[in-house]
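J.: Below are the chains, spelled out letter by letter.
Number of protein chains: 2
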Amino acid sequence: MKTYLDCIPCFLKQALETARLSAADEKTQKKILDEVARAIPRFPLLYSPPQMARVIYGAIERFTGKDDPYAKIKEKSNKLALSIYPMLKKKVVHSHDRLLTAVELAIAGNIIDYGVKNNLDVEEELKKILDKEDKAIRREKSSLFDYRSFRAALKRSNTILYLADNAGEVVFDRILIEEIQKTYKDKNIIYAVKEKPVINDALRGDAVFAGIEEIAAIVSSGVDTPGTVLSLCSKEFLNIFRRADMVISKGQGNFEALSDYTRPVFFLFMAKCPVIARDVKCALGDVILLYKNKRVKEKAS
Amino acid sequence: MKTYLDCIPCFLKQALETARLSAADEKTQKKILDEVARAIPRFPLLYSPPQMARVIYGAIERFTGKDDPYAKIKEKSNKLALSIYPMLKKKVVHSHDRLLTAVELAIAGNIIDYGVKNNLDVEEELKKILDKEDKAIRREKSSLFDYRSFRAALKRSNTILYLADNAGEVVFDRILIEEIQKTYKDKNIIYAVKEKPVINDALRGDAVFAGIEEIAAIVSSGVDTPGTVLSLCSKEFLNIFRRADMVISKGQGNFEALSDYTRPVFFLFMAKCPVIARDVKCALGDVILLYKNKRVKEKAS
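Protein chains in written order, with our numbering: chain A, 1 to 301; chain B, 302 to 602.
Simulated from the structure, these hints should not be mistaken for lab results. It cannot be assumed that every hint is accurate.
[As the list claims (entries may be wrong)] Straight-line Cα separation of at most 16 Å, EDC-like style, residue types lysine to aspartate or glutamate; simulated pairs:
1) B:314 to A:6
2) B:328 to A:245
3) A:13 to B:479
4) A:89 to A:123
5) B:380 to B:318
6) B:373 to B:447
7) A:292 to A:245
8) B:390 to B:335
9) A:91 to A:224
10) B:303 to A:26
11) A:30 to A:17
12) A:2 to A:178
13) A:2 to B:327
14) A:66 to A:245
15) A:27 to A:17
16) B:331 to A:6
17) B:391 to B:479
18) A:27 to B:307
19) A:30 to B:307
20) A:31 to B:327
21) A:91 to A:61
22) B:391 to B:362
23) B:332 to A:17
24) A:72 to A:6
25) A:79 to A:121
26) B:303 to B:479
27) A:31 to A:61
28) A:91 to A:26
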């Protein structure tokens, strides 16, 4: 996804939020905002929004000396998510379609950081997202929740690349990966995390903490952007990305970074931002499982 | 009120909204955003937020050739407000405290432009704002709705300067001015509008259209900012401002521009912006009648 003009005010909002999280004083916060403001005229709209994060986090690190302002939030998210793992597992075991429930949980798990920040009852929030009847109906009928293609792709694929999104959410990913391994034996699942801290994106340590190491191979994509921006990925990762039989991409950031590329990708995310909701043509808060592949794109254009 | 850091992302949001309203194409919208972004590092936080409007509207005019993008909205607001004038008058006539109802209406009238933009039922919206029991209670008890001081000041003042806010809202101001003239005879009321178009702020033509000319003297403050920034006002206006026995300031913009000055001012506005709500220590959407004078300030500090 290219950067929309509506993303530009939001860049400054994110910079301010992160500056505050880094305990920068007001003067330093202003310096960080100024730096981001100065970068705006030079930022090509053809870039995807996650690429601006490099400017923001570069400024944060330079002015505050902190390279991981979300460290505490990530730790709390991981612990909170792991503490509800048995409850999540139970939800899956007792459902009509275990894989479907695991998919939905993996998408809804995105709210865990929000829960930590706002002291919310995560179990309650998950219920709100998943149990709403109208949402379930919408999902059944919608091309924006293409579960059928997803299941078919899982069946025929040997190597599956799974692009992680956030810390905490990694525990929900574990639930889905376990379910995939249980349903379709002998799958080679590769779980890709970010190379360096950016926002609350999952790093190797978060994946290991969640127990992913036992069920998938953990690799780094090589990027320090909150989305897998291919031009910034390592060669090793790009090889995996191109050769994988199936790519599962989690979260808005990865959607922003990859939605314009033509290799088939399954995008699993919650549409939390109005710009993305408009781009995808869904409602804010929708649980999305979008299959983008070259053929679909050619037909559409 | 000084500019808070949270205002900075909002400047870009406002610039984008206005650029779109001016029917600028996407490239031009980006140029306008770039211009505002470049101005951010040079903008002193000691300035009040309305001063940034000069940068925004300067860029809009330079890149689109339009100096009054809100012209249509203002016209619609004026007509809509005038069409409900009889209904508003009836509300006042049938109330227990006519002046109080007129004050509340004058504040709530701020929503008229929002109603026009979003095709809302203005009568319904006014009801929501004014009839809510909890709000009425809060207003009664709160120092943020100092109706007692307001009435006392009206009684003892001869020359009253009334700072207008928006087009459309001018009709609600007329209701209040009529009520003041009816309650306290022989008051010299001066109604100050902006000199040049900025956002949907009222100009002389809007005041005349609303029928203010028959009940008050209309003057221009000399400014082209969405708030009466004293350093930009005409000498003639400053004389009136300093010598008036009482100043009634309408709207958030005038509050932002004047809240740090020490002459006593009654600020009547709806707190629509979270930054202002925090500054004033009220809830979002609150109907505020705040009396700021030097003595109160000295006591507080």
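J.: All hints, please: hold or fail.
T.: Now for the hints, and whether the structure bears them out:
1. B:314 to A:6: holds, 7 Å
2. B:328 to A:245: Violated. Residue 328 (chain B) to residue 245 (chain A) sits at ~39 Å, over the 16 Å cutoff.
3. A:13 to B:479: violated, 44 Å
4. A:89 to A:123: holds, 13 Å
5. B:380 to B:318: Distance ~23 Å between residue 380 (chain B) and residue 318 (chain B) Cα, so the pair is violated.
6. B:373 to B:447: violated, 35 Å
7. A:292 to A:245: holds, 14 Å
8. B:390 to B:335: violated, 46 Å
9. A:91 to A:224: violated, 34 Å
10. B:303 to A:26: holds, 13 Å
11. A:30 to A:17: Given that 16 Å is the threshold and the Cα spacing comes to 12 Å, the pair holds.
12. A:2 to A:178: violated, 34 Å
13. A:2 to B:327: holds, 13 Å
14. A:66 to A:245: Given pair residue 66 (chain A), residue 245 (chain A) is violated - Cα atoms ~39 Å apart, limit 16 Å.
15. A:27 to A:17: Holds. Residue 27 (chain A) to residue 17 (chain A) sits at ~14 Å (cutoff 16 Å).
16. B:331 to A:6: Given that 16 Å is the threshold and the Cα spacing comes to 10 Å, the pair holds.
17. B:391 to B:479: Given pair residue 391 (chain B), residue 479 (chain B) holds - Cα atoms ~13 Å apart, limit 16 Å.
18. A:27 to B:307: holds, 13 Å
19. A:30 to B:307: At roughly 10 Å apart (the allowed maximum being 16 Å), residue 307 (chain B) and residue 30 (chain A) satisfy the hint.
20. A:31 to B:327: This hinted pair is violated, its Cα atoms lying about 29 Å apart.
21. A:91 to A:61: Between residue 91 (chain A) and residue 61 (chain A) the Cα gap is close to 41 Å, so the pair fails against 16 Å, i.e. violated.
22. B:391 to B:362: Roughly 42 Å between the alpha carbons, so the hint for residue 391 (chain B) and residue 362 (chain B) is violated.
23. B:332 to A:17: Answer violated: residue 332 (chain B) to residue 17 (chain A) is near 26 Å, above 16 Å.
24. A:72 to A:6: Given that 16 Å is the threshold and the Cα spacing comes to 30 Å, the pair is violated.
25. A:79 to A:121: This hinted pair holds, its Cα atoms lying about 14 Å apart.
26. B:303 to B:479: Violated, because 34 Å separates the two Cα atoms, which is more than 16 Å.
27. A:31 to A:61: holds, 12 Å
28. A:91 to A:26: violated, 45 Å
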